[in-house]
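A.B. asks: If you're matching them up, the sequences are chains G and L in order. By the numbering used here, the letter at position 1 of the first sequence is numbered 1, and the numbering carries on one by one without gaps. Heads up: take any position in the second sequence, counting from 1, add 1000, and you land on the numbering used here.
Keep in mind that the hints were calculated from the coordinates and are not lab data. Treat the numbers as computed from the prediction; the structure is a model and nothing was measured. It is possible that some hints are incorrect.
[As the list claims (entries may be wrong)] What follows is a set of in silico ranges between Cβ atoms, one per label pair, in the way DEER data are often shown:
| hint | chain 1 | residue 1 | chain 2 | residue 2 | range |
| --- | --- | --- | --- | --- | --- |
| 1 | L | T1151 | G | T56 | 49 to 55 Å |
| 2 | G | R30 | L | A1259 | 20 to 26 Å |
| 3 | G | D61 | L | A1330 | 41 to 47 Å |
| 4 | G | N8 | L | T1056 | 48 to 54 Å |
| 5 | L | Y1154 | G | D3 | 31 to 37 Å |
| 6 | G | N5 | L | T1151 | 24 to 30 Å |
[What the hints assert, rightly or not] Not everything, but these chain L residues come out facing chain G in the computed CB check (under 7 Å):
| hint | residue |
| --- | --- |
| 7 | A1035 |
| 8 | T1039 |
| 9 | G1080 |
| 10 | Q1309 |
| 11 | S1313 |
| 12 | N1317 |
Beta carbons: idealized from backbone N, C-alpha and C, even for Gly.
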Amino acid sequence: MDDMNITNAQYVVNDATNQNAVVKCDIDGREWHIPMNPANRHYAEIMRQVAAGELTIADAD
Amino acid sequence: MSKAAELAALIGSQSALSNRNIIINGAAEIYQRGAATTTHNGYAVDRWQHKGSNSTTSTSNQDTDAPAPFINSIKFSAGGASSGAAEVAGLCQRIEGNAMTSLGWGTSAAQPATLSFYVKSSVTGTYAVSARNNGVDQSYINTYTINSANTWEYKTVTFDARTTGTWLTTNGIGMRLWFDLGSGSNFDGTAGSWTTNNHLTVSSQADVVGTSSATWFVTGVQLEVGEQDTAFEHRSFGDELARCQRYFTKFSYLDGDYARVGWMIATSSTAGRGSIRLPTTMRTEPSSAMTGTPRIEGTSAKNLNGLGQSGNSSTNNLGVDPSFDSHGSAGDVYHIDTGPNGGIECDAEL
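Chain G on its own, in the form it takes in the complex (with noise of 0.2 Å):
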């Protein structure tokens, strides 16, 4: 794991399709956009501070 301190997570739609398609968040106090593919390094970290519980990600607006 790479315990990234990742905190303001909230998904963001795709306007053509309406469904979740990235994550906004902070990552070490800089805001990033995070595809939803588990083979990016920062979306895996998400779902894993997910499943600890250590991380919740908001709906999108």
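Dock chain L against the given chain G, drawing on the hints supplied.
C.D. replies: Chain L alone, transformed into the frame defined by chain G:
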């Protein structure tokens, strides 16, 4: 090593004459982020991950202290506190699985791998460098010795062929190559043989991270098939940059003017949809972030308030739904600029 010996070594190792170095940016020339990192698992020099999980800050950055003909090295500066049992300190390159298929690890065709590098440290003694798989249930530790403080020394070690274990040959982590600089005792193992433990150091490892003001430098890192080290494979700067951009790409300001890196069409006076073409195929769909304030420009320039990576991205393209200071109307076309006030980073590191 003489020319004849080099040639004999190459033939003996059945190694390729080119593209034999599995390590990317072994000479530390590529420094896209352009800044030191103190973040555990953060990156300063491309492809080299800083490891410093204890509470005292250690630092990694590019340095110009290097043995000729190298012009750069990676510098690790100690925070001055020893690691706790479960804490780590070091420098790691996570090697993509499909970049190390020539080793054949995990198969009956496995080959040994030889690591060579130039190293310099203010702390003399025993050091560990290890190879582990993605699942960290396969590990092999080699040791080397720093004989003289603050003096460049050339080192070479060999990892025995590993015929068992799961070694990814995909775009996941194939190998974790780790230079230890004082990790905790939970990671202590025995050098010189494969184990099924998550070991990356030895109990006699020099405590660089715990030594106030200690420094450790490395450059000319090469990992190749076979039991024989060969001369460092100097690749062109452009070749090495492209290899690094598979994992991290930074669109930034280089020459004093703004660079047009993408295009967008406004869907309102404050939002749009656009695309940024990536310079090389990235390992996986990247994450993205702005540094500072990039801008859009059509009939006039406006600051980007958010890049808004969308789901319409790939390994070749960053789809974006930018938001920007109010300007124009739906249907207007703008270029997306990076420049003196802001850039864009794309991350597909392992």
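A.B. asks: Now look at each hint and say whether the structure bears it out.
C.D. replies: Status of the hints after comparison with the structure:
Checked against the given bound of 49 to 55 Å, the beta carbons of T1151 (chain L) and T56 (chain G), roughly 52 Å apart, stay inside it. The given range of 20 to 26 Å is respected by R30 (chain G) and A1259 (chain L), whose C-beta atoms sit roughly 21 Å from each other. Hint check: D61 (chain G) to A1330 (chain L), Cβ distance near 20 Å, so the stated range 41 to 47 Å is violated. Between N8 (chain G) and T1056 (chain L) the beta carbon distance is about 27 Å. The supplied range of 48 to 54 Å is therefore violated.
Remark: the range hint 31 to 37 Å for Y1154 (chain L) to D3 (chain G) is upheld by a beta-carbon distance near 34 Å. Take N5 (chain G) and T1151 (chain L): their Cβ atoms lie about 38 Å apart, and the range 24 to 30 Å is violated. The beta carbon of A1035 (chain L) comes no nearer than 12 Å to any beta carbon in chain G, farther than 7 Å, and the hint placing it at the interface is violated. For the restraint placing T1039 (chain L) at the interface with chain G, the shortest Cβ-Cβ distance is roughly 6 Å, inside the 7 Å limit, so the hint holds.
About 21 Å separates the beta-carbon of G1080 (chain L) from the nearest beta-carbon of chain G, more than 7 Å, and the hint is not met. Evaluation of the Q1309 (chain L) hint against chain G yields a held restraint, the C-beta minimum of about 3 Å falling below 7 Å. Interface hint status for S1313 (chain L): upheld, as the beta-carbon distance to the closest one in chain G is roughly 6 Å, under 7 Å. At a threshold of 7 Å, the smallest CB-CB gap from N1317 (chain L) to chain G is about 12 Å, leaving the interface hint violated.
In terms of the numbered hints stated before, the structure departs from hints 3, 4, 6, 7, 9 and 12, listed from lowest to highest.
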